[in-house]
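Residue numbers (our numbering), protein chains in the order written: chain P, 3 to 401; chain Y, 3 to 401; chain H, 3 to 401; chain W, 3 to 401.
It should be emphasised that the hints constitute simulated quantities derived from the structure, not laboratory data. Keep in mind that a hint or two might mislead.
Repeated chains share a single entry, so a pair holds when one copy, or any two copies, can fit it.
Here are the simulated DSS-like cross-link-like pairs (lysine-lysine), alpha carbons at most 25 Å apart as the crow flies [what the hints assert, rightly or not]:
#  : residue 1 : residue 2
1  : K344      : K236
2  : K123      : K344
3  : K163      : K335
4  : K163      : K56
5  : K123      : K384
6  : K110      : K342
7  : K384      : K6
8  : K356      : K236
9  : K245      : K163
10 : K398      : K236
11 : K384      : K26
12 : K284      : K344
13 : K284      : K163
14 : K208      : K342
15 : K208      : K398
16 : K356      : K398
17 : K123      : K356
18 : K398      : K335
4 protein chains.
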Amino acid sequence: MSQKTVLLVYSGGLDTSICIPLMKQEYGYEKVVTVTVDVGQSPDDVKMAAEKAKIMGTEHYTVNALDEFVTDFCWQSLQANGEYQGYPMSTSIARPLIAKKAVEMAEKLGVTAFAHGCTGKGNDQYRIEFGIRSLMPQATIHAPVRERNMTRSWEIEYAQKNNVPIQQSLEKIWSIDENLWGRSIEGGRLEEPDFIPPEEIFQWTKSAENALNEGIVIDIQFQNGVPVAINGDKASPSQLVLKMNQLAGDNGVGRIDIMEDRMMGLKVRENYECPAASVYLKAHKALENLVLTRDEIRFKSIIDQEWSRMAYEGLWWDPLKEDLESFITHTQKRVTGNVKLKLYKGNITVLGRKSDWALYSEDLASFDTTTFDQRESTGSVKNFGLQARMYHQLLKQRV
Amino acid sequence: MSQKTVLLVYSGGLDTSICIPLMKQEYGYEKVVTVTVDVGQSPDDVKMAAEKAKIMGTEHYTVNALDEFVTDFCWQSLQANGEYQGYPMSTSIARPLIAKKAVEMAEKLGVTAFAHGCTGKGNDQYRIEFGIRSLMPQATIHAPVRERNMTRSWEIEYAQKNNVPIQQSLEKIWSIDENLWGRSIEGGRLEEPDFIPPEEIFQWTKSAENALNEGIVIDIQFQNGVPVAINGDKASPSQLVLKMNQLAGDNGVGRIDIMEDRMMGLKVRENYECPAASVYLKAHKALENLVLTRDEIRFKSIIDQEWSRMAYEGLWWDPLKEDLESFITHTQKRVTGNVKLKLYKGNITVLGRKSDWALYSEDLASFDTTTFDQRESTGSVKNFGLQARMYHQLLKQRV
Amino acid sequence: MSQKTVLLVYSGGLDTSICIPLMKQEYGYEKVVTVTVDVGQSPDDVKMAAEKAKIMGTEHYTVNALDEFVTDFCWQSLQANGEYQGYPMSTSIARPLIAKKAVEMAEKLGVTAFAHGCTGKGNDQYRIEFGIRSLMPQATIHAPVRERNMTRSWEIEYAQKNNVPIQQSLEKIWSIDENLWGRSIEGGRLEEPDFIPPEEIFQWTKSAENALNEGIVIDIQFQNGVPVAINGDKASPSQLVLKMNQLAGDNGVGRIDIMEDRMMGLKVRENYECPAASVYLKAHKALENLVLTRDEIRFKSIIDQEWSRMAYEGLWWDPLKEDLESFITHTQKRVTGNVKLKLYKGNITVLGRKSDWALYSEDLASFDTTTFDQRESTGSVKNFGLQARMYHQLLKQRV
Amino acid sequence: MSQKTVLLVYSGGLDTSICIPLMKQEYGYEKVVTVTVDVGQSPDDVKMAAEKAKIMGTEHYTVNALDEFVTDFCWQSLQANGEYQGYPMSTSIARPLIAKKAVEMAEKLGVTAFAHGCTGKGNDQYRIEFGIRSLMPQATIHAPVRERNMTRSWEIEYAQKNNVPIQQSLEKIWSIDENLWGRSIEGGRLEEPDFIPPEEIFQWTKSAENALNEGIVIDIQFQNGVPVAINGDKASPSQLVLKMNQLAGDNGVGRIDIMEDRMMGLKVRENYECPAASVYLKAHKALENLVLTRDEIRFKSIIDQEWSRMAYEGLWWDPLKEDLESFITHTQKRVTGNVKLKLYKGNITVLGRKSDWALYSEDLASFDTTTFDQRESTGSVKNFGLQARMYHQLLKQRV
């Protein structure tokens, strides 16, 4: 494809839609290819994007990446107990995949120019551009919203002038992002730290008050740190997430309300719905705590924190992230077993966990054992904190 | 007091009760002083201990340490977001205080010999002995249960022979520890990772199912990282905890069920009820996330983890713990403000937070701002992850 | 002073000298105030800056900040064992002080506009601007070299057109930065990882080959983690550094040659001469290892690494840096004592250390002691690594 | 072999020699098998051990483990920049190998009982016993010196009574441990923090004063983080270490004098000679700093510290250590290249480093480049430390 073609990462929203005429009028491209990556957003949105693209005459591709998203991004994050300031990073981890699918399409089409609709204030510009540049170092990337310091009113005016269909965009009050791992709702008063979010913003979860009156007990089977079955039923990765989103959402599980530090230093209140992610993360941790050593649990939390920072920032192909994953992968070999939980009106309660790799020994743990001679602890207790106690002796001498 | 006197840290239970005759018969002491430190266990237990002591003829002291426990131990732990593997360390942080009050009493009485009833398998022996030895380096410490490798059946037999009152001890199925910050229930099948704990073990919390049908909204006021008022009502430290234990417990909040790694390497399942601690910890974190910088939040979690390990191990007077607290105290100067939460059927939901120290700026955060020129982000995005991208260029050259 | 005045942070070099006419011609200022902060660079450079300023007609101030630099910056860094990738951060820690003195002068003169000569590629722009903005949030800052993407040839041409004296600048082959804590030499082939630096770039240190034939033994007295005397002679902070630069430099001590990662991701080879810093850092660490506990030494290295990252980036007034310093200050209370070293042909050899706070006990350490009953270690050794061994038992069962 | 046989880990020294008669007289064994593992100690010592064993009539085995030691232990440690408080852990990392070879021999002979001569005060008892128990969970282990709280005088008397040859032991003033990775000298006044060690304790290194007058320049070739050639000459692992011990020792390189915290809390001064280890560690770090990203360098230092703690404690087969090694191994894939150093009178000076994986780009690094538009840094600098600056604004409002 000629140099005059640009691949637009396309969501169908206002920001990306105006990029279509803009790429021709202002950036000099002859042809715009639009790519929408399906990572679990509303099917209506995927369809709407394709329709808009058709209206505006781009060469449009919809890429189904559901299972790839779960296998290579959600499960990876799960193994790292991936969370940033209380948030399972649903939006963050979809961005690198979108970049990856865009690059794959560009390679197929022989295109090296990209455009995206991210603003200059947020995190996504970093995630998308890092992804594209890592996978295609020679790429040219345009970020028109940022480069032209656009405002929403300017965008609307431009859209109207250029026959860009934006009906739905105008009605939107909130800014929403969705994928299998979660749903974020931002904008307006929602960003204030002490505004109580209205019930209407939630679509995937019932409130605890309105959740089912009977909870459910579920059994999750893990293999190497990732779920493979719910209540004994094996399913594809994306089905395991979709089903759990339903089960947990119906029981009021998965709402998250936090103050979040964005990459550039803005502190913003954020609302998320992450039903499946919340359940799987809690179950995964419970199983890890059964099979990993105390030292592994302690040190892995440092690894997980660093991994999560990098995932949040979209540094998906950073060599340090790969190094961290080598550590994580080695630990997950033993994270195989079952976790039984109860979901009830917003609560996720672990009822039990079992594994062939459990570091639990009934003999050692039980109270009335004779396998352990208590006297042997004497020296260990006596020497415990020796240096700290020498410090206190010196302190007393000084006073 | 003569060298022939020993101070027994006394709970009134079987382990410590048999120590009374034992100290005279087997350790050669002429006099046993018993000290029970009230840190919020059941008032019946405190009273029962005094009665048993009277029956067995010791010089008995009950030390009320409720406010000291909250101010110097619970609040300290709260500022450090103190938790170990999911547990707010209620038992752990009471032990050093018990050691401290025992030493204070010993100093008053001129005693330097101590006895305690900890077994040789658990954590408490480390915590109690480290505390006593730090505060009184010349102390002699006896741990008869450990030193004689006692079993429960031996203890019961010995008690019966020596007229030690143990009626209640015989009836106990579970091993329970209580203080204002939480209640632990151990023993028997409860230690198995996949045994579902029976409802009867819980006394401070209703189940989510049986909790109040109407939740409550509460406002907690923090000053320097510690609560000072609930719904605007100031109260003493211990009252703030007692009241919150009631409010949260009635709403099904505070049950904790984890696998826990004890200090000597045993992995045991543990059940806790920590209603107040759970609420205050969640509120405190929410406020920190409003006022601390992103870097402070990230790094403080490493500090908090280390502090928690030390608190769990009872290293209360370790110089490193003091160093960590210097860091923590400096951060807490700004953790002043209010957090509004809803407690409902097991859920703690943060509804809002505000503070004069909030690093939230409406100007910077809002969407349609003109204070921020998006174009200025271009270079930052372009250079983001530069070395990681060089790595990929080299990788491509190698393939 | 009117809005039409700008305060130029002035070194006398080419970059800052051309800013003088530029501020008037291109930025519209009526008056330029130049400030040179003396942090221990060559006295000739300080004098030369004043002379050039006179020629170009600015209102010029030379600020002597030698003792403040050592007390508040070098000693602070010493207490943190401050080093970044092997470099004692001499240049880095002078920048915040320069910003601070500039702000102090601006406040005195009623000026709120600043200019500096940092390029857009290096670290100093971050350090200087963060300092000014932290201390004077309303400041306007100009960075002409960066903002106009200047090249050296453009600068020379502009200087010649505008009668800016640049004789010395033209002769310079290397880019040099000096202060009491060290001297950096950059530029040209020196930046290549495998170029052997020519002897001529070094001015403060003799080579090991040409160093004195007789080494010297020195005794450094520390109080609270900072030096107070050399060989028993007390001296002012700046004198303690100047004297040690001489003693160590004569003995070939203090040359550093590293690959350094700059803030924006460039990896550059750097050459430094830091004689005093090298000696004091080694002595300080030796004393810490005598008085701090094993756990403090381990954890403080994590604190020190974070502090050093922040100091390298010039985040001098970041609240996290203050938090870290609260930790550090608490540890340094005991870093009081003496360290004896030998300096000889490039080597710094610790010969001995002593302190009233030493956690060394002759009784405990000596071989033939009877104070320690070896049998008491049995249980501790037996239980050591218990979980790791359970892991191996499980492994064997799986195979 | 019958249950009546015990395998003694045998060095030929006093502690282990008396174990031979003791195992029969006091522990009831019929047969003692002695195993001496050659990890690079003095060949005389290895020979002497075999001779003594012959005299005392044990079934004796000498196991040559030189290359295994270097490949699996020294190189592993090198990749982790293994050092503990300044010490390359030579003694520490040989202990697990000794345990491993003992277990291999025991398996061959059908023996499950072990004895070793470690005291109850030191680190080696932990390392040896953890190794044996990890590799053979059913092992029985005897530690007679510890279990009987032996003193040196008792040992000598017992040896004389039982015809144990101890001539050399009596003459020894210092306690010495040697292997390819280093030599430790302990005991007597050497343990005092301020005693200047006499020249006579050193055997592998010349003093800086007496080192060769002409230094040498060497080139070390690394592949995947381990040396493969010196000056282009490939050699076996053990030869690479032996040769470097010679080269470096002759040039006065490798003496180490530190305060060291032993595992049980004793702080002891230690003297080491580690010529090869010192050179390889410095070269390895220099190469890492060329090829790893800034973030990898920063984070790997935390990994390395944890790995080193575990190696020091002999936790060689701990699963966390394996997890850490997965991380390390992934980073070392790029640590391939050459480092040129000069060794001269105690100094190791890096002269240059090169690698195909260097993250050094001449284009990006050079001064007068036009590939980089400095203006693009403006926004990044302006937003740098945003939250820290908001903190200062709030601070000013509060005052």
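Intra- versus inter-subunit Cα pairing at 25 Å for K208 with K342: Result: close both inside a copy and across copies, 22 Å intra and 21 Å inter.
Same-copy or cross-copy closeness of K123 to K384 [CA-CA at most 25 Å]: Between copies, since 13 Å is at most 25 Å while 58 Å is not.
Intra- versus inter-subunit Cα pairing at 25 Å for K398 with K236: Neither way: K398 and K236 sit 65 Å apart in one copy and 29 Å across, limit 25 Å.
Intra- versus inter-copy proximity for K398 and K356 (alpha-carbon distance at most 25 Å): Result: close only across copies, 19 Å inter versus 50 Å intra.
Status of K344 relative to K284 across identical chains (alpha carbons, at most 25 Å): Close inside one copy (11 Å) and across copies (22 Å); limit 25 Å.
Homo-oligomer pair classification [K344, K123; C-alpha up to 25 Å]: Classified as neither; 40 Å inside a copy, 32 Å across copies.
Same-copy or cross-copy closeness of K245 to K163 [CA-CA at most 25 Å]: neither (44 Å within a copy, 63 Å between copies)
Intra- versus inter-subunit Cα pairing at 25 Å for K284 with K163: Cα proximity of K284 and K163: none, with 50 Å in one copy and 50 Å across.
Identical-chain pair category, K344 with K236, by Cα at 25 Å: So K344 and K236 pass the 25 Å test inside one copy only (19 Å; across, 37 Å).
Alpha-carbon proximity context of K384 and K6, limit 25 Å: between (77 Å within a copy, 22 Å between copies)
Intra- versus inter-copy proximity for K56 and K163 (alpha-carbon distance at most 25 Å): Within one copy, since 18 Å is at most 25 Å while 59 Å is not.
Within, between, both or neither, where K110 and K342 count as close if Cα-Cα is 25 Å or less: neither (45 Å within a copy, 45 Å between copies)
Hint check: violations occur at hints 2, 3, 6, 9, 10, 13 and 15; the rest are consistent with the structure.
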